[in-house]
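The listed protein sequences derive, respectively, from chains G and Z. Going by our numbering, the residue at position 259 of the first sequence is 259; the numbering climbs one at a time, nothing skipped. Going by our numbering, the residue at position 28 of the second sequence is 28; the numbering climbs one at a time, nothing skipped.
Worth flagging that the hints you see were computed from the coordinates, not collected in a lab. Please note that a few of the clues may not be correct.
Derived CB-CB ranges, DEER-like [unchecked claim]:
hint: 1; chain 1: Z; residue 1: LYS50; chain 2: G; residue 2: LYS539; range: 40 to 46 Å
hint: 2; chain 1: Z; residue 1: CYS48; chain 2: G; residue 2: PHE538; range: 25 to 31 Å
hint: 3; chain 1: G; residue 1: THR546; chain 2: Z; residue 2: HIS63; range: 48 to 54 Å
hint: 4; chain 1: Z; residue 1: LYS49; chain 2: G; residue 2: ALA390; range: 55 to 61 Å
hint: 5; chain 1: Z; residue 1: ALA59; chain 2: G; residue 2: LEU441; range: 52 to 58 Å
hint: 6; chain 1: Z; residue 1: SER79; chain 2: G; residue 2: PRO357; range: 35 to 41 Å
hint: 7; chain 1: G; residue 1: SER391; chain 2: Z; residue 2: ALA59; range: 29 to 35 Å
hint: 8; chain 1: G; residue 1: ARG382; chain 2: Z; residue 2: ALA59; range: 46 to 52 Å
hint: 9; chain 1: Z; residue 1: ALA59; chain 2: G; residue 2: THR546; range: 29 to 35 Å
hint: 10; chain 1: G; residue 1: GLN484; chain 2: Z; residue 2: LYS50; range: 39 to 45 Å
hint: 11; chain 1: Z; residue 1: HIS25; chain 2: G; residue 2: GLU557; range: 54 to 60 Å
From the derived model, a few chain G residues whose C-beta atoms are all more than 12 Å from chain Z [unchecked claim]:
hint: 12; residue: LEU153
hint: 13; residue: ARG211
hint: 14; residue: ASP227
hint: 15; residue: LEU241
hint: 16; residue: LEU335
hint: 17; residue: LEU359
hint: 18; residue: ARG377
hint: 19; residue: ILE494
hint: 20; residue: ASN536
hint: 21; residue: PRO581
Nothing here was measured: the structure is a model prediction, and the numbers come from that model. Beta carbons are placed, not taken as given, at the ideal position from N, Cα and C, and that holds for glycine.
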Amino acid sequence: MEHLSYVKPLYAPFLCFTHHSFSLYSLSISISPHISTSIHNIFIFSYSYSPSTHPHFYMGPTPYNSSNSSSSACSSSTKPPPPQPPDQMDHLLAGAGYKVRSNDLTQVAERLEHLETVMVKSSPVDISDIGNDAVYYNPTDLASWVDSLLTELNPNVSGSGSGSGSGSGSGFVSGSGPAYVSDPVMNDMNNVYGEFGQQVVTPIEEDVSIRLVHVLMTCAEAVQRGDMSLAGLLIDDLQGLLGRVNSGCGIGKVGSFFVDALSRRVVNSPQNGVVQVDLSAYENEILYHHYYEACPYLKFAHFTANQAILEAFDGQDCVHVIDFNLMQGLQWPALIQALALRPGGPPLLRLTGIGPPSLDGRDSLREIGLKLAELARSVNVRFAFRGVAASRLDDVKPWMLQVSPKEAVAVNSIMQLHKLLGPGGPRGPPVDLVLDWIRDLNPRILMVVEQESNHNQPEFLDRFTESLYYYSTMFDSLDACTAQPEKTLAELYIQREICNVVCCEGSARVERHEPLVRWRERLTGAGFAPLHLGSNAFKQARMLLTLFSAEGYSVEENEGCLTLGWHSRPLIAASAWQAIPKPSVVTTGR
Amino acid sequence: MLHTHNNILERETKREKHNISINDHNDILIEVLQRLDGRSLAAAACVCKKWCSIVRNDALWEHLCFRQLSVPPSVGVRSVVLALGGYRRLYLMCVRPVVSRLKKRRSNGGHTEVVRRLWNRNEVELSLSLFCVEYYERLLLGDGGAVGGGESAAKSLRFLCKTVNV
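Bound-form chain Z, shown alone (with noise of 0.2 Å):
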């Protein structure tokens, strides 16, 4: 992927001659990176300095969240998300280690997973409820201490953080 960008740079500055660029067509990128998984879409975010403003937009995350959603969800959730700390965060905090510690359990059951599951209502609920709980901890920490660090896990999900013991 940023290869084949790369390359195009390159072409771009040898030929002159076309005056397409990837860079131009906000929508287009949008779509590319929409397909992404969760770790290509953060080192997107490092390729250059509008890429990582993209990359930072919440939808997109929004999007990473939600689309192996096998119901779409409800309306409210998107005003709630944003209030708690985005999409984004709700990713990085709760979505990726709780997928991730799920699937190792079920694929340490015993039978092959796919890759790319659907993940199911009560999984979405319970991560929303994690992060809520991790929002309140900060708010908790955030008047006693000075911290300010908002990339700092709260200390109520740092169990997801620990590798599973088998």
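Okay, chain G solo, but in the shape it has when bound (with noise of 0.2 Å):
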């Protein structure tokens, strides 16, 4: 018999049934407006039968391979069922040779959650006896076999509807059980777990958001299983369901990026080929000055850790800052009038900016680089730039940056150091190697700003599901933005991201995010000391988002690093870290 492991379901489930698990997918109806909300309420649960012990559980004229369960017993052809008018049976189950009716989805679910309380609580003996009869049921008519087992199992509880197991169409009588409406405070687990025989009632628009994302991860976990058939007919479920979502906001949208993104990944296998294509070093710069402009993620990383930088700086005179990823150069006019304007004077600033080659002939770094001494010959500040072209990181050799060791240096990534946690060569990933050059550097700060999520599991579904929380969270935040085209070209910008962490895999994959607490981890592994975020920081970081219109954003500071998040969910999290000195080997003699 094999082991049942369930987590407890929620309330109105949906079932989804594969070749050779049992899963029964559950989702409580939240009335949140926020769609970061309901998606957080989904729990995946399976049962797993080994199909050898219960040769009756065919799982029915399926297209799949079902790869040890067509038991010989069972007399069924293998032909799909006859096509069901489609707004009686309920076609998600139908593609997977169940015929359900809709009316009944709750019903049926009801009652097979009381099978599971009724196997678990019965003897090992009973169960065991189920499974060495002959097949009796066909389970495609899933209504009047979880009945007829449940007669079986106990013969106390009467269905509501025909006992027999003969597999004809379902009798069941539409639940006209009380009405039941979820109210927000229930998302807890330990209320919503409603009694047997309860129905819910969900507003139509609800029904299809929640039934969006039920298919989303349904379909994700068919792409992680490699059953890319049934991946593609879910993406047509998907796309119907889109046309009757409202897609300018919410779910629509963010779910839009997600079913494209899915649908490249089916159609184009990532082994195969490039699924994402790359946007020449201009076309970036002008998503990401829109992202820039349209909501305040990147201008807290960069006045965060501009002021943190300021402060490292404090009584030095020559100083060296290191930007692994210099765009436009946003970040530095705001450092050039701070340290402009510092008691004392302003220092000798040298500034190298790392950016990609560009393949236009527009030498774009230093032209941005003579901006920026145009703007510090205004303001008064010595300053020098340099720039180093190189398409990845790691190819950057420390020699290229000229470091002198009288200067003070700064090391500044915004948003770059997860492009480096790939699969890297002989010599290990390519981060340990360049946060060793950049140990070696020894600089008085070393800057770090990530996006504060986990995507860069091993598992697709599990990546599949965090970036759908996080990035659902991030459009809901962009919302409150209502410039355009800063908005659109934002949006754009985020989709990359999202394409490149679901449709791409191996080094093409380079948006691998993970959690300050993962950084934390590896910074100290690399000898790094944590440096705390002032509260200079903090309240400059307060002080920036109240002049942005929307009331949701929030900094926390979370152990000397600061995070700002949209109700009360970081989005993207600004450490400081000091380069402890290497033990300096001692040599004798000479």
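Build the complex from these two chains, which are given one at a time in their own frames, with help from the hints.
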């Protein structure tokens, strides 16, 4: 008897059957307007039955390979059932080979829950009795199959419909139990688990949104298993659902990006070819600039980093800043101005900007350097700029940066380090090598700003779930921005990230975000000590946010690091680090 | 304020006895204008050419920006601000929206707010930083485009001009 492991189910379940596991997806109905909390209430749990002990558990006429479950005891033919009128039968389950009326879904789900409790309570003897018998019931007609099992196991229980297991059409009466609308407080597990027999009433639009999320998860799970045919069917489903939901905002918009990404992955397998087209450096800069305008995440990153760097450079006369991703250099004017106004006068500032090589002849690094130099000259700050063109950060060698031992060095990495977490060469992942040479530079401060999410898990489904939640929250926050074209292009920028997380694999997948706790481990392991971001940075960040029109942003302090989030979900984390000098090897003689 | 000036002119043209005209004494005019708020100052610039040229003097706007500061700004600020576009621009682009936005936020928080409040160093520094970013964006734009309009707000400060969603 296979051990049943499960998580306590929530209300209004949907069902989906796969070839050798019995998965029950269940969503809670939440009235919250935020899509992020809707997704937060999805729980997936599965029971796995070993097919060999339940030879009667034949998964009906399905188009997939059910490896060892097609027992010879089953007498059903393997051709798919005749197509049912779509408005009656749930077409999602019909695609999987089951005939259940849409009206009966909640009832059938309740009965399955009941079946679960009964099976758990039954002695193993009773269950194996069933297992030893020949096939009784064709599980295609799910409703009557469940009923028949229930009556088998517990003759005291009588279904509300026909109890016979002959597999004829479902004869259940649509439930007329007391209607029950969940209220928003009931999001915690203890209250929502309703008693057997209650029904849930949901508004239609919310139904579609929840269904959309559910189908997304199912599709992702199919992709993880490699079942591309089912995934393709589900994507068609998703396109249909997207048509019925408002795609201008909320789950419709972020859902459409995820559907697009999934369909790309299904059509072009990531192992075969390029799934995401590279943009030119110029186009990347434009998207980045609009993302900078539309929402405060980059501004928060820049201002916090500048404040920390300013404090680290206190009292130094020669300072050198190394920027891992120069783009248009939007971070540096504020630092130049702050250095110009610092008591004691400005230091000599050197800036080394790393950026991708431009293929169209424009030397964008040099142009940005010239503009920054012009600004520095206006405010009387001695300034020198150097550009380093490299397509990947691990191509940069320390000698290219020309760090002089007399100057104070600051290394600034805004959302760049996660790109180094991919599969590395023989010497390990690139991030360790890069952190090593950063440490060799002996910087007074290493500023790290990263997305606060875990999109680097080995399992695709985990990544998908996490990124769905993360980007829904981010799109929620973006809804407050009304400036066009900034908003559209910012969405396009985020869409590219989503596409990379979902579609790409191997070295093409560069958006490997990891949460702050993992970065802390990694950086302390690489020989860095944390620096606390002071209260000035915190105050400045808070002030910056009050200037933004939306009220939902929140800045939090987390063990010396600052995080910016939307409604208490942190989305971006800024931390500062100092290199611990390597123990020098004492050489004797000579 | 403006009515008083008109009255004075009227009386002068009528009587022509006294030779005192506010327009003859720039110092007094400046002293008076220094006490105005930003909106009145801008309106004063529309009165006549002389007033316009006086109001365009950056010193007035410097006074407007920093007279409410609890601690006077450090010495180097003036050269920086002048390099980045001047005090009038600083007021229009940064100081006024920042102060009004922060004031609105505080009063929405529940407690009443004195109209003329002292604003602190942090707010000054933030305004200056934003001003610098705005100058830089104009530099970036200035090369590629032929816009040239000095008063057009660079994109990065547009969020300050929007009304607050409460």
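**OP:** Given the range 25 to 31 Å, decide if the beta-carbon distance of CYS48 of chain Z to PHE538 of chain G lies inside it.
**Re:** 49 Å, violated
Subject >> Given as non-interface: LEU153 of chain G, partner chain Z, CB spacing beyond 12 Å >> reply: 57 Å, holds
Subject >> chain Z versus ASP227 of chain G - minimum CB to CB distance exceeding 12 Å, so not interface >> reply: Check passes; 45 Å lies beyond 12 Å.
Original post:
Do the beta carbons of SER79 of chain Z and PRO357 of chain G sit within 35 to 41 Å of each other?
Top reply: 38 Å, holds
Original post:
Can the suggested window of 40 to 46 Å be confirmed for the beta-carbon pair LYS50 of chain Z and LYS539 of chain G?
Top reply: 44 Å, holds
Original post:
Does the Cβ-Cβ separation between ARG382 of chain G and ALA59 of chain Z fall within 46 to 52 Å?
Top reply: 29 Å, violated
Subject >> GLU557 of chain G and HIS25 of chain Z - C-beta distance against the hinted 54 to 60 Å >> reply: Given about 55 Å between the Cβ atoms, the range holds.
Original post:
Is it true that GLN484 of chain G and LYS50 of chain Z lie within 39 to 45 Å of each other by Cβ?
Top reply: Taking Cβ atoms as reference, GLN484 of chain G and LYS50 of chain Z lie about 43 Å apart, which means the hint holds.
**OP:** Verify that the Cβ of ARG377 of chain G lies farther than 12 Å from every Cβ atom of chain Z, and report whether the claim holds or is violated.
**Re:** Answer for ARG377 of chain G: violated, closest chain Z Cβ roughly 9 Å.
**OP:** Check the non-interface label on ASN536 of chain G: least C-beta distance to chain Z beyond 12 Å or not.
**Re:** Given a closest Cβ separation of 8 Å, the condition is violated.
Subject >> 12 Å cut-off, C-beta based - LEU359 of chain G kept clear of every residue in chain Z >> reply: 19 Å, holds
**OP:** Mind verifying the non-interface call on LEU335 of chain G? Its CB should be farther than 12 Å from each CB in chain Z.
**Re:** LEU335 of chain G not clear of chain Z: closest Cβ-Cβ about 9 Å, inside 12 Å.
Comparing the model with each numbered hint stated earlier shows that hints 2, 3, 5, 7, 8, 16, 18 and 20 do not hold.
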